[in-house]
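Enquirer: As a plain string of letters, each chain reads:
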Amino acid sequence: MGIRLSKPWESLNPDTVASLPAQLGVYQIADDEGNILSIGCAGANYLFGMRSALEYEIELHGERATRFRFEFTSNYRSRWDELLMLHLYDNGRLPVHQRDEEGRVGRLSPN
Amino acid sequence: MDFSLTEEQQMIVDTTRRFVQSEIVPLEDELDPDAGSVAPEDYDRLVTMTRSMGFYGLDIPEEYGGPGLDTTTRALMAIEMSQHRAGLYNPCYGVFGGAGLAQLYEATDAQKERWLYPTLRGEKKGCFALTEPSGGSDPARAIQTRGFKDGAEWVLSGSKLYISGADKADYALVFARTSDDPGRNGVTAFIVDTDTPGFHVRRVVHTLRATHYATELQFEELRVPEENILGEVNGGFAIANDRLSRQRIPYAAGCIGPAIRSQEMAIDWAKSREAFGSPLAEKQAIQWMIVDNEIDIRHARYCVLEAAQKADSGGRFRTEAAMAKLVATEASGRVVDRCIQIHGGVGVTKDLPLERWYRELRIRRIGEGPSEVQRLIMARDILGGSFK
Chain A
48 MGIRLSKPWE
58 SLNPDTVASL
68 PAQLGVYQIA
78 DDEGNILSIG
88 CAGANYLFGM
98 RSALEYEIEL
108 HGERATRFRF
118 EFTSNYRSRW
128 DELLMLHLYD
138 NGRLPVHQRD
148 EEGRVGRLSP
158 N
Chain B
2 MDFSLTEEQQ
12 MIVDTTRRFV
22 QSEIVPLEDE
32 LDPDAGSVAP
42 EDYDRLVTMT
52 RSMGFYGLDI
62 PEEYGGPGLD
72 TTTRALMAIE
82 MSQHRAGLYN
92 PCYGVFGGAG
102 LAQLYEATDA
112 QKERWLYPTL
122 RGEKKGCFAL
132 TEPSGGSDPA
142 RAIQTRGFKD
152 GAEWVLSGSK
162 LYISGADKAD
172 YALVFARTSD
182 DPGRNGVTAF
192 IVDTDTPGFH
202 VRRVVHTLRA
212 THYATELQFE
222 ELRVPEENIL
232 GEVNGGFAIA
242 NDRLSRQRIP
252 YAAGCIGPAI
262 RSQEMAIDWA
272 KSREAFGSPL
282 AEKQAIQWMI
292 VDNEIDIRHA
302 RYCVLEAAQK
312 ADSGGRFRTE
322 AAMAKLVATE
332 ASGRVVDRCI
342 QIHGGVGVTK
352 DLPLERWYRE
362 LRIRRIGEGP
372 SEVQRLIMAR
382 DILGGSFK
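Sequences listed follow chains A and B, in order.
Quick note on this note's numbering: the first sequence kicks off at 48 and runs consecutively.
Quick note on this note's numbering: the second sequence kicks off at 2 and runs consecutively.
These aren't lab readings, by the way, just hints derived from the structure by calculation.
Please read these numbers as outputs of a predicted model, since none were measured by experiment.
Check before you lean on any hint, since a few could be wrong.
Sample of chain A residues lacking proximity to chain B, with all beta carbon distances greater than 10 Å (derived) [to be verified]:
| hint | residue |
| --- | --- |
| 1 | Asn92 |
| 2 | Arg124 |
| 3 | Val143 |
Simulated crosslink set (SDA-like; lysine to any residue; CA at most 25 Å straight-line) [claimed, not checked]:
| hint | chain 1 | residue 1 | chain 2 | residue 2 |
| --- | --- | --- | --- | --- |
| 4 | B | Lys125 | A | Glu148 |
| 5 | B | Lys351 | A | Pro157 |
| 6 | B | Lys169 | B | Lys351 |
| 7 | B | Lys169 | A | Pro157 |
| 8 | B | Lys125 | B | Arg115 |
| 9 | B | Lys126 | A | Gly150 |
| 10 | B | Lys125 | A | Gly150 |
| 11 | B | Lys169 | A | Arg51 |
| 12 | B | Lys125 | A | Arg146 |
| 13 | B | Lys351 | B | Trp270 |
| 14 | B | Lys126 | A | Arg140 |
| 15 | B | Lys351 | A | Leu135 |
| 16 | B | Lys169 | A | Phe95 |
| 17 | B | Lys351 | A | Arg146 |
| 18 | B | Lys351 | A | Arg140 |
| 19 | B | Lys169 | A | Asp137 |
| 20 | B | Lys169 | A | Leu67 |
| 21 | B | Lys126 | A | Leu135 |
| 22 | B | Lys169 | A | Gly81 |
| 23 | B | Lys169 | A | Glu149 |
| 24 | A | Lys54 | B | His207 |
| 25 | B | Lys113 | B | Pro134 |
| 26 | B | Lys351 | A | Glu118 |
| 27 | B | Lys125 | A | Arg154 |
| 28 | B | Lys125 | A | Val152 |
| 29 | B | Lys169 | A | Lys54 |
| 30 | B | Lys126 | A | Leu67 |
| 31 | A | Lys54 | A | Leu107 |
| 32 | B | Lys169 | A | Gly153 |
| 33 | B | Lys169 | A | Asp78 |
| 34 | B | Lys169 | A | Ile50 |
| 35 | B | Lys351 | A | Leu67 |
| 36 | B | Lys125 | A | Arg151 |
| 37 | B | Lys351 | A | Ala91 |
| 38 | B | Lys125 | A | Tyr136 |
| 39 | B | Lys351 | B | Asp43 |
| 40 | B | Lys126 | B | Ala215 |
Using N, Cα and C, we set each Cβ at its ideal position, and we do this for glycine too.
Pulled out of the complex, with its shape left as it was, chain B reads as follows (with noise of 0.2 Å):
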């Protein structure tokens, strides 16, 4: 594997920490140390930056009108646009864009006229409602929402838990049961406005991301029309299933960004904090700790940079972005944790970003499929003989 990067990769990377450093950090200095997002004025400004450098809509396919970057350049991207102290979850405060519900691009032509394009314009939010209280590992088989159709329309019945952004979204992408088969054949896909009688955002659900919360859903006799759903009858996990393959390489990325800033800011005081009449960056302790951070980086940057390639080259990289995604959050956690360490008291105070990505960093070993779901992932490849 050749992890060189290109000269126009290289560029990219270079204008994107140029911009975190001298865009986004300062910023953050007046904010609120949860803060998820900037002042609107601050918002449009930067916005207006990333459009003139091409760079708005990351995640758009190019013949959308993204910008058409490769999955390793993108990863590059997202390992610089998480170096701050919002960057796990808020990467830049969505100052590059969003692609909406990459389900949404297999939609039909009307469906996109409907609920992508005004997404991609920053008309309409749509949310991605797939987990229930019966569980989220194993969505197939945990579905119980149930749909049943009644003449035109299908009526829905049933909720969803841990559900982001479903309080301000237009539209919900919601997976509901449609036949007997109680696994993965049995699960169709509908587009629900969210306006629609029925709707119900029954509550707010508070995480250790404390500015983020997740929701839970109530479907009540909910009618959504046939041309409402997306794909296949009984064809809706392999588009839930898709979205969750994708996800991982950028989702691993982006913690590496938190992993490589607190090993800095470690190694900087390290040299700069003495205790009993020598620098700590001369204590073994400290030196071991170092150490063993900037393996776990360097691993996990290897393993996503070898999942984006693979992606990129158009072969299999289910096994590579279940491996990336794997080390790359515990890898991101356990450093993150010792440079906590090496902080000492100062780093649990809000004074430093080293808290917060602390709290954070642990919901993406479970966020996306906890470590044990890509540990089978790899498993079924691996002695299924699939994995070359």
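Next comes chain A alone, as it looks inside the complex (with noise of 0.2 Å):
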């Protein structure tokens, strides 16, 4: 199983978003260049899963998030902490707005 999320990216806007099925899992956002933005997960605590989480981060980004690539798992949290610790083995530094998660974020040395 590869453990980066290696799907290709869609566009990100109300549309697209829209339909999504109202499921739990992770997902990356990014810019026009491909800059992640953000690395998050669609819990339970959203009331429509996927599609709540990414309107979210829609808000919370602005027009800077362009795209958007998702996994569906009931496994939502765990899946989310690998994601963020291969972002940080990658590149050093989680992005902007989740460096609070650095000190909470382990290890990880993939082959």
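Relying on the hints, combine the two individually framed chains into one complex.
Expert: As structure tokens, then:
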């Protein structure tokens, strides 16, 4: 199983978000250049799962956030931590607004 | 066996129950159903409370500053501390403090200074690296990680699987084969700093516990100084085995809390929910499930307290601990399963804690020695005549 989120990017806009099922999972948000702006999880506290989580991200990042990719999983919390660890391994830092998470996230050194 | 509580035990149970119901359960209303931690400010506030109650560091021996609870009282607390959504694996979200790796209490003074005391002060974290891809139920024979002496150092190569907390640990207790003996006499325990070159956390292993993951480790020419050996060379299995026996009683007790809470929820539901013109509680099918739950809960509680009392009396308790682990993990799983059935559709939703307990209790039949190994331990003792 590939551990990185490698699905194709999709356009982030209210229409694509509205077309998603209200399931639980993880996602990445990026700008036009492919810079990751957020790594998040759509947990069970969101009213409509992935849809509600992505609506929140659109509100948070505004027009900078243009792309997203996602994965539905009931292990949304451990998968989210895994994606944060991978991002930290690949980039040395987490996305700017998630730097508070760095103290909480573990270390991973994948092959 | 007299299972009546002393005045002090009753007070501790009542205090713990109030703490869980008034401080922990309300926090969970706002948390993700699979959350494994509370906000740092809540954690700090609750730790202040457990410290003032004199209950912080429950499992730390008295001579190291712990409260000095006996096994029975500790088991009674475990039953109470687990009666909330995250309670099975994160009782009270850790605000009663940890004790570190029990094996470190057997360490040398220098090792204690370097790893044990910083752990007790909350400055360092350790992890326990025993299980390998080749197996976990029979670790003495399954261990293939090798250790070779090279001058004043040992060189470790191999891998470990299903290791909790390695990605955040400052050090790991690593068990490696250091002789040609294929069994328990050829294993040595090493304390390894996780920033040592050659120590790799290769991947996350996702499980039924949605909030928690295990890890896979790889050691590549990992060099460990001689002074990092815990105990004797080739004497590591006894250290590992000691932990496995000691852990079984509180591990078993922690399973009973969710079963008790599930049963309370099922009784409330059965009395208030109506179907076919009468409350569920009036249907024999439901009544029998409630009765079977009560039998399972009392049986598990009896076995846990019997094992705890035997441990407190200073006698051999290996058989009783194995029985407690087997009965409590299996009985609690059955109770939660029946309670989901009584609740119907809402029982499998994340609106209630039942689905989380159901998933997590399934792991308990495997963790800390699966049911089959517990039966093996008991069979050895009973047939070998050491069980009186």
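Enquirer: Please list, smallest to largest, the hint numbers that this structure does not respect.
Expert: Per hint list: 1, 2, 5, 6, 15, 16, 17, 18, 20, 22, 25, 29, 30 and 33 violated.
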